[in-house]
Amino acid sequence: MTTDTIKATPKERFLVELQKLNGAPGPDWMKRVRKAGEESVKALDFPHHKEEEWRFTNIKPILQHEYAPAAAPADHGLDAAAVEPYFLGTGVCAELVFVNGFYEPALSRAENLPQGLTAGNLANAGDHGATLEKHLGQHAPARPNMFNALNAAFLHDGAFIYAAQNCVAREPVHLIFLTTTGENGPVAAYPRVLAVAEANSEAAFIEQFAPVGQPGVYFNSVVTEMAAAEGARLTHYKVTQEADEAFHMATIRGAQEKDSVIQSFSFTFRGRIVRNDVSSVLGGEGGDCKLNGLYLTQADQLVDNHTFIEHAAPHCASWIGYKGVLDGKSHGVFTGKILVQRDAQKTDSNQLNSNMLLTDTATIDTKPQLEIFADDVKCTHGSTTGKPPEEVIFYFRSRGISEEMARGMLTYGFASEVLEDVDVESLRSRLDRWIFHRYSPKKHTLVPEKAI
Amino acid sequence: MLDIRNLHASVDDIEILRGVNMKVNEGEVHAIMGPNGSGKSTLAQVLAGNEAYEVTDGGVDFLGQDLLEMPAEERARLGVFMAFQYPTEIPGITNAYFLQAALNEIRKSHGLEELDAMEFQELLHEKMELVAIDPGFANRPVNQGFSGGEKKRNEILQMAVMEPKLAILDETDSGLDIDALRIVADGVNKLRDPKRATILVTHYQRILEYVVPDYVHVLYQGVLVKSGGKELALELEKKGYDWLKNELATA
Chain Y
1 MTTDTIKATP KERFLVELQK LNGAPGPDWM KRVRKAGEES VKALDFPHHK
51 EEEWRFTNIK PILQHEYAPA AAPADHGLDA AAVEPYFLGT GVCAELVFVN
101 GFYEPALSRA ENLPQGLTAG NLANAGDHGA TLEKHLGQHA PARPNMFNAL
151 NAAFLHDGAF IYAAQNCVAR EPVHLIFLTT TGENGPVAAY PRVLAVAEAN
201 SEAAFIEQFA PVGQPGVYFN SVVTEMAAAE GARLTHYKVT QEADEAFHMA
251 TIRGAQEKDS VIQSFSFTFR GRIVRNDVSS VLGGEGGDCK LNGLYLTQAD
301 QLVDNHTFIE HAAPHCASWI GYKGVLDGKS HGVFTGKILV QRDAQKTDSN
351 QLNSNMLLTD TATIDTKPQL EIFADDVKCT HGSTTGKPPE EVIFYFRSRG
401 ISEEMARGML TYGFASEVLE DVDVESLRSR LDRWIFHRYS PKKHTLVPEK
451 AI
Chain S
1001 MLDIRNLHAS VDDIEILRGV NMKVNEGEVH AIMGPNGSGK STLAQVLAGN
1051 EAYEVTDGGV DFLGQDLLEM PAEERARLGV FMAFQYPTEI PGITNAYFLQ
1101 AALNEIRKSH GLEELDAMEF QELLHEKMEL VAIDPGFANR PVNQGFSGGE
1151 KKRNEILQMA VMEPKLAILD ETDSGLDIDA LRIVADGVNK LRDPKRATIL
1201 VTHYQRILEY VVPDYVHVLY QGVLVKSGGK ELALELEKKG YDWLKNELAT
1251 A
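So the sequence lines, in the order shown, correspond to chains Y and S.
Everything in the first sequence is counted per our numbering, starting at 1 for the first residue and increasing by one.
Everything in the second sequence is counted per our numbering, starting at 1001 for the first residue and increasing by one.
The hints are simulated quantities; they were obtained by calculation from the structure and are not laboratory data.
C-beta atoms are modelled at their ideal positions from N, C-alpha and C, and glycine is treated no differently.
Keep in mind that a hint or two might mislead.
[As the list claims (entries may be wrong)] A few chain S residues facing chain Y, derived, Cβ under 7 angstroms:
#, residue
1, A1048
2, N1050
3, I1093
4, R1107
5, G1111
6, L1115
[What the hints assert, rightly or not] Covered, in the sense of this in silico footprint (three residues per stretch, anywhere, with C-beta under 8 angstroms from a C-beta of chain Y), are these stretches of chain S:
#, segment
7, 1067 to 1074
8, 1083 to 1092
All chains, full assembly: derive it from the sequences and hints.
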């Protein structure tokens, strides 16, 4: 791309696209979110790496491109056979396919929803008007994050998951977000997810991101909001396997009432620049939040996981555990931020970030950030970065296993530990196979018993 | 089978082995005893191919091949097995996965078909029964969270699966209570075979009550200073290493 084709600033280009959508149809609640988004886009600027929260993540490569917004369901020509490989098949209660952020009912399956669970698309969630009013855009507002503002401004559709009071839905809803690489230049898509678990209910969902079509550039700006009412449990899995040229900026935001549990897993495997802003607010006593993640980077990938838990009430527990394996010239960024408000006594918060660097050119910037205003709390943090010690490699070699194969097995072992807490067997074994194949030397035909 | 000639080796430029000579034939069990710091573990590590130990002189032939020329993994594939004094913990990798990979590497090097997961599972359970190890060990990460005794038994299990031609047990008896020692010794005895040789490196005579050696050698200050039959171990036990040190000092 030459500079003379770009006259407008990136923000102006997004605003021009936004103008074209003016007056697009939609229910009032959607227009309200869009309006807040548009105003925020006008008021905000894209984050700069001079800002503390973006210090290690330069988003310039994302803004170099001109994107056409995914304004309507794409003419993608996908049929059931094309989406079948993404389906988990077992262990899930529904598999909903979205292309460029728009729901594709003909490609989706939602026959096995348990009593009390709603899983569908936002655009058709009008029956839940009060819930949408209460939650949509309330937990992850359009400000101050420009990417959230864009997502709100371009809101058209998304996923809606609702567990009614006392509903127990253990099997997750599988949301498959496919993005087209676009024949007419790169597409920007704005997937949106709202998951609400009412009092004493239990629900789970998987967000999976993948490309369809030829390899190429696109941009996904994603916002996920999760609300767990008193005594509710919400489990969230995110699997990011974007195209190697694609960009992915995501905000995942939880809001927790008394005695609620939110657990979020984030698996990042592919994408040129991927950022996950994962956070939750423990707003009632006895809440529990666990954020787990695994990022496997290669080539010139940049993956930034920015985690944040706010303890706003006493007697809550939190855990942040992220692991990374960095290969090639890739760059990993991890932040584990804990804010303990003055009234949040008896907080028990722990975090650990462990990284394995496979090359001398891969880098990781890792940072715990504790802000504690209460005086009776337990907060720990730790991070490790390294390579397998020689004595461990020698142990393998003394058993007939080559150094190359030993390193592959050790990397697999390090990464796959994160899967131990994944309760969905079909998802766990699929992730296990992917991790295994990435690190197994080519001639190594062994199948680990975990994957069978 | 194994011919060690004038072997000198050092660690961090400090000479530990200063001319070891030893021959081991098929079916024999040799015990190498000696006080702490005499070079017993160094000898085991050098034979297994640990590159942290530098061989400065001498040679080792194994089955007619120059052992010292081979990297550790090739030695293992040829049939050399060392049970570690301090087995390493390997998080995230189960015993079954580790052993299947090891066995298949050895089988491949001999032109044999690799065992698939089902076939291996069967073999593993058979070997676990042979060395009296709980089947639950198969799916636990290698040595992680194992007690000292469990780690040593796990080494014996690995030996049973890999069926080496030469087994070197580096202080496998140290730190074991009498029950664990019996289980380990029992495992070693069950794997005794006219085709397999064993070198037992030990500080104590205790294990030799259960695994009766054909030969006993005493390593002291990097050389074998005395060799004999199993009665030498008893004599050492009775008189202690000081007896030997004094005898050597006056000789």
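Of the numbered hints stated previously, which ones are contradicted by the structure, given in increasing order? The structure conflicts with hints 4, 5, 6, although it agrees with all the remaining ones.
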